[in-house]
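Top to bottom, those sequences are chains A and B. Heads up: the first sequence begins at 1 in the numbering used here, then just goes up one per residue. Heads up: the second sequence begins at 1 in the numbering used here, then just goes up one per residue.
Honestly, the hints are just simulated from the structure, not real lab data. It cannot be assumed that every hint is accurate.
[What the hints assert, rightly or not] On the chain A side, residues computed to face chain B include the following (Cβ under 8 Å):
1. Pro8
2. Leu39
3. Gly42
4. Phe45
5. Ala88
6. Gln106
7. Phe108
Note that beta-carbon positions come from the ideal geometry of N, C-alpha and C, so glycine has one too.
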Amino acid sequence: DTGVSQDPRHKITKRGQNVTFRCDPISEHNRLYWYRQTLGQGPEFLTYFQNEAQLEKSRLLSDRFSAERPKGSFSTLEIQRTEQGDSAMYLCASSLELVVRGAETQYFGPGTRLLVL
Amino acid sequence: GNSVTQMEGPVTLSEEAFLTINCTYTATGYPSLFWYVQYPGEGLQLLLKATKADDKGSNKGFEATYRKETTSFHLEKGSVQVSDSAVYFCARGPSGNTGKLIFGQGTTLQVKP
């Protein structure tokens, strides 16, 4: 299967701890996105990369959150000093930039479910 | 603003009933529009999309038409099955240079035999 993969699938941590999630996009995709989904809501955009450049960050991405995509392939999302409000599903998606702007399709991974106790 | 609004769920139907899930959007310009589906315990999957006004996206018996005049992208299926039970998300694509998708809150569909 060459879809988007995420690791771990589940993470339970104590408040104040740091956590890091990994996303491996579809291999030829140059764009990578992070979203957060809370129960009963649609995904909310956090940030996205084109190759290794981080092009946009949401206001939701506080200074405790940092994302990297060092070689333009996999990406990591780190949350420092976790809070109970960080509990959510963290989704990664990838896409291939198309000539027609906005026509690309984002393919989602299975997500990492984070629970902060 | 830039937002997507879906009809609230849950929507409960009997097998073979007709399905409509309403979706309206606001945006500057003419973004691409998408329907994603999330089956229980699984990730988001693209169901269908339309990239310009009057386009019709279709897949697995589902259809949605991009209506610029009403800023809508309603999802329809003529005859639902129990296996269609899932959460359906409407999303609009980026306007301008941003790459992000804006999602509605999701509509849960329950199909009973």
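Hint check:
1. Pro8: It is violated, given that the least Cβ distance between proline 8/A and chain B is near 14 Å, above 8 Å.
2. Leu39: 10 Å, violated
3. Gly42: It holds, given that the least Cβ distance between glycine 42/A and chain B is near 3 Å, below 8 Å.
4. Phe45: 4 Å, holds
5. Ala88: 14 Å, violated
6. Gln106: 6 Å, holds
7. Phe108: 4 Å, holds
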